[in-house]
Amino acid sequence: ANSGTNNIGIFISNLDGTFQNQQTYSTGDKSRPYSLATNYFNDDNYLDIAVANYDAHNIVTANPGTDGAGVLLGQKDGSFSTAITYSTGNNSAPWFIALYDLNNDNRLDIVSANYGTASIGVLLGYDDAGTFANVTTYPTGADSLPYTVAISDLNNDTYPDIVVSNSRPNLIGVFFGYGNGTFGIIKTYSTGSMSSCIFIVLADLNSDTKLDIIATVPLTGIIIGLLGNGDGSFQSPITYSNQPATLPFCITLVDYNNDNYYDMLVSNYGTDEILIFLGYGNGSLIYTRQYSTGSNTIPYGLTVADLNDDKQLEIIVALRGPGSVGILTEYYVANFTNQTTYSTDTVAHPTSIAVGDFNNDNKTDVVVANSASNSLGIFFGLNNGTFSEQIIYSLTNDSNPQYVITDDINKDGHLDIIAVSSGSNTMSIILGYSNGTFANQIIYSTGTDSYPNAIVMSDLNNDNRHDLIIANKESDSIGIFFGFNYLYFQDPQIYPIPNALNPYSIVVSNFNNDNYLDIAVASINSNDIAIFLGQKNGTFTLIATYITGNKSNPTMLSVRDLNNDNQMDIIVANPGNDNIGVYYGYGNGSFANMIAYPTGNGSDPRVMAFGDFNNDNLTDMVSVNAITNSIGILLRQNDGSFLLTNTFSTGVPSKPQAATIDDFDNDGQLDIVVCNSQSSTIGIFLGYGNGSFQNQVTYSTGTQANPEWLASGDFNNDNRSDVAVANYFTNTIGILLGLGNGSFDTVTAYSSGDGSTPVCLTIIDITNDNFLDVVVANFAASSIIILYGLGDGTFLLSKPYSTGIQSSPQSLAIADMNNDGQLDIIVANFQSNTIGILYAFGYELFGSPTKYLTNDGSQPNSVAVTDINNDGSLDILVANYGTDSIGIFLGYNNGKFNTMITYSLQVGSKPFFINVGHFDNDNISDIVVSNSETDNIAILSHYNNGTFTTIMNYSTGTRSRPYTIAIGDLNNDNQLDLAITNSGTGNILLLYGCGNGTFTNATSYPLGYNYLPYSLAITNLNQDKWMDIVIASYNADHIQTLVKMC
1 ANSGTNNIGI
11 FISNLDGTFQ
21 NQQTYSTGDK
31 SRPYSLATNY
41 FNDDNYLDIA
51 VANYDAHNIV
61 TANPGTDGAG
71 VLLGQKDGSF
81 STAITYSTGN
91 NSAPWFIALY
101 DLNNDNRLDI
111 VSANYGTASI
121 GVLLGYDDAG
131 TFANVTTYPT
141 GADSLPYTVA
151 ISDLNNDTYP
161 DIVVSNSRPN
171 LIGVFFGYGN
181 GTFGIIKTYS
191 TGSMSSCIFI
201 VLADLNSDTK
211 LDIIATVPLT
221 GIIIGLLGNG
231 DGSFQSPITY
241 SNQPATLPFC
251 ITLVDYNNDN
261 YYDMLVSNYG
271 TDEILIFLGY
281 GNGSLIYTRQ
291 YSTGSNTIPY
301 GLTVADLNDD
311 KQLEIIVALR
321 GPGSVGILTE
331 YYVANFTNQT
341 TYSTDTVAHP
351 TSIAVGDFNN
361 DNKTDVVVAN
371 SASNSLGIFF
381 GLNNGTFSEQ
391 IIYSLTNDSN
401 PQYVITDDIN
411 KDGHLDIIAV
421 SSGSNTMSII
431 LGYSNGTFAN
441 QIIYSTGTDS
451 YPNAIVMSDL
461 NNDNRHDLII
471 ANKESDSIGI
481 FFGFNYLYFQ
491 DPQIYPIPNA
501 LNPYSIVVSN
511 FNNDNYLDIA
521 VASINSNDIA
531 IFLGQKNGTF
541 TLIATYITGN
551 KSNPTMLSVR
561 DLNNDNQMDI
571 IVANPGNDNI
581 GVYYGYGNGS
591 FANMIAYPTG
601 NGSDPRVMAF
611 GDFNNDNLTD
621 MVSVNAITNS
631 IGILLRQNDG
641 SFLLTNTFST
651 GVPSKPQAAT
661 IDDFDNDGQL
671 DIVVCNSQSS
681 TIGIFLGYGN
691 GSFQNQVTYS
701 TGTQANPEWL
711 ASGDFNNDNR
721 SDVAVANYFT
731 NTIGILLGLG
741 NGSFDTVTAY
751 SSGDGSTPVC
761 LTIIDITNDN
771 FLDVVVANFA
781 ASSIIILYGL
791 GDGTFLLSKP
801 YSTGIQSSPQ
811 SLAIADMNND
821 GQLDIIVANF
831 QSNTIGILYA
841 FGYELFGSPT
851 KYLTNDGSQP
861 NSVAVTDINN
871 DGSLDILVAN
881 YGTDSIGIFL
891 GYNNGKFNTM
901 ITYSLQVGSK
911 PFFINVGHFD
921 NDNISDIVVS
931 NSETDNIAIL
941 SHYNNGTFTT
951 IMNYSTGTRS
961 RPYTIAIGDL
971 NNDNQLDLAI
981 TNSGTGNILL
991 LYGCGNGTFT
1001 NATSYPLGYN
1011 YLPYSLAITN
1021 LNQDKWMDIV
1031 IASYNADHIQ
1041 TLVKMC
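Per the working numbering, numbering of the sequence shown is gapless, rising by one per residue and ending at 1046.
These are computed hints drawn from the structure, not numbers from a lab.
Being a predicted model, the structure only gives us computed values, none of them experimental.
A portion of the hints provided could be inaccurate.
In silico DSS-like pairs for lysine-lysine, Cα to Cα no more than 27 Å straight-line [unchecked claim]: (1) Lys411 to Lys363; (2) Lys210 to Lys187; (3) Lys411 to Lys551; (4) Lys363 to Lys1025; (5) Lys896 to Lys311; (6) Lys655 to Lys210; (7) Lys30 to Lys411.
Okay, the calculated beta carbon distance ranges per label pair [claimed, not checked]: (8) Asn972 to Asn1035: 25 to 35 Å; (9) Asp208 to Asp309: 31 to 41 Å; (10) Leu618 to Gln694: 38 to 48 Å; (11) Ser324 to Glu389: 52 to 62 Å.
Ideal Cβ positions, reconstructed from N, Cα and C, are used throughout, including at glycine.
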């Protein structure tokens, strides 16, 4: 109905979804047609048309018309006769017409809504020629302004009734019919709104065989429903939509998704959109999708039809703006049933959800992180896509789990669970048994005040092990847990040392030749050495204590066969008495009295090291003298004694603490390297092979590092000796790679843990993988850590192993104490006056995280892994919530990453979640990020040198606050689609991929008021080859499922 040109237009179909050019038929000069209806009026099997010609004195676009209804009778050739006009009354301004057999005579009658005369008009069909009797009018109430009418039997008396929308006084009116074409007086029902009710339709929405009323109230953006009681009365209005400024106008009810329930299509002329509300046969209509009709198109009337015989309805809409008809061809999208909910317990506040098969029954199970109840909830899948009651897996108190994922982390064929908890700053590994049960959690620290918020898994260094990457929101960093064969150590077995004061050094050897290892420990403030002999049952017994001298303050022990009698001897550094003492062993666990060798007055020898410095095949000794800032060379004499022959300065003030012996310049002569605590250096003395050395050359261990210990070995398999130092003040282990000429590369620091104060380290291949490792004693943290060597000069850090509360290990030794083939760790505990033995017991998956900073205030909230620059190496992507940016760590294929490159997003966007996929099928990863404060998602494609050449934003709706984004093929078109949790508006938004990097057909599924959906997962719940959706809503305290409708 073309109101502007006073005609109707007909588009003849080409039977393929396209149409011929419009044919027009005049409805009369200044007729202003507003509504039309089609049917068969004259029994000739040709479709006829009835048109309402409107006189709109109170509408700005209207011109005076003919105040009548025109009928165009169809002809055999598809044309129409000249319009026949029937008056609806002077100044009646018929705005809408409907057709029905009102008097049961098998002839169609016409009902008009007469806007101008506050009435409806009834024109009864007169004969089989398609003519009509004069109009009979029924008043709709003073100043009522009727807009539209709908006709059906509302009170189950078999007689048709008429429903009319009255824009003033905002009422719906019902005329009950008598079955003879006449009607009683109007009965009115309130719409519950103060604005104009415009469009009205009838349908049974709740499957109770009683007709219901649905109406639009454009000026307030409301769509209401009145459920019928079957007796002509109606229940109080239900609001289906309340979106101010959208201006909903025309409604069509149809089964749009073939589920045998009425769905609703609405034209919003305020936003140039068509909205789709899916019905579920229970009286509800859920807003699920919108289609744009184009800017300023002003969609008014709409209907649906299968125009191309593809069994899929197309939407036909009248566009007042351009003066055209638009056809919206459905791009196939997945439709989901109304959600099913499963409780996660009272005040659980679920924040994350993941899926998998935990009991090997080929059904999808669900795990959810319950942040408020400090637990994980596990739901086992049943046969039909439903779930069992939640099973609770408790974490630690105040753990506040934030994120959960699933995978076979240990590659044993059983699905496992990995969770990060912000309250306890931990990661939990929960190994599954594939029977629905799980092992106790293994807990790893993510760092003090790190607040881990997200986790993702990948293999970053191509070693065929899983790695875990965590976003630490409060410490502005990401942490990488590299998978490795980390040794697992049991809690220490403790042996008290009677009468000991502050054990300081420990050694392990076989002192009595019984094939069981024994222990010697020196205590600095009781001036003695205690000997513990190993027993057959694996225990140790104190059998003797040897005095090292009054106020000798022994600080270091060493064990070796000094006199070539095949019995182990003990050497001790006595700084209090300025000597090195030797206890020659008898081979039965006892020792001769100490022989003291002076190191010089006031030398304070803390440490000694051994080697043949003059190539005489005798073991010589170097003493490290902290007070005199020097080292002393003690050459072995032919009679077995040691003679101080030379001293070399370590610099003033240097305070040397330890020494290591090796050939650092590959000249065949032994050299000495010392760690200088006060000057924070290592100093190398290159040997001449005659017992003499060059002056010291120093290398920094870091600003104010204060190294307390060092050792040497070849960490990168280049046949050059390297050095590891324990930096007391900076809580680091410094690695200085040797260059083979007596010089060293710049120090690389590895954290030993916040506040750890490392004091001692040993270099050994503790995992038997032919790569050297570094074992460290942390004094303040009362722990042991291991730096596992990778053979290239880099290391992975173990988690800390406790040596006991306030034990403060000062020294350590490594040996297989129980003959199980694994090396164990033995410590001398300074504070607790004990020996601790940490027995190795197999392996575990992870150690401590490697940290990369994301800039101050960045607050990384989500992390993803992909090869963003297509160089064959995996990169790490971070959503930096605090700085409105994406962070990119480019990888080097060996588990190492460059410093973060920042790509700024819109100011105030607050990116919450990041994910990756191939959206344009070019095999180059694209990024999708949810911008929680600007209510959109951003698609970033074609990364090139720190920039993206293609960026597209998609609105998620006003105040939607999008959080998590899941990626999957929801409609089986082999293109990736997006599912988004809109926390602000409490719905799930689906965007369907077109395969070219763009997305369309935004579809929304409301979940509930203030549900605050946080997380979702895409999976096939019911084995029907369609993907379903599982959602965790923070405020709802339950999970929900959206199951694809077949």
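These are the hints, each one checked on the structure:
no.: 1; hint: Lys411 to Lys363; in the structure: 20 Å, holds
no.: 2; hint: Lys210 to Lys187; in the structure: 18 Å, holds
no.: 3; hint: Lys411 to Lys551; in the structure: 57 Å, violated
no.: 4; hint: Lys363 to Lys1025; in the structure: 13 Å, holds
no.: 5; hint: Lys896 to Lys311; in the structure: 55 Å, violated
no.: 6; hint: Lys655 to Lys210; in the structure: 96 Å, violated
no.: 7; hint: Lys30 to Lys411; in the structure: 80 Å, violated
no.: 8; hint: Asn972 to Asn1035: 25 to 35 Å; in the structure: 33 Å, holds
no.: 9; hint: Asp208 to Asp309: 31 to 41 Å; in the structure: 34 Å, holds
no.: 10; hint: Leu618 to Gln694: 38 to 48 Å; in the structure: 22 Å, violated
no.: 11; hint: Ser324 to Glu389: 52 to 62 Å; in the structure: 56 Å, holds
Violated hints, listed in ascending order, are 3, 5, 6, 7, 10; each of the other numbered hints is respected by the structure.
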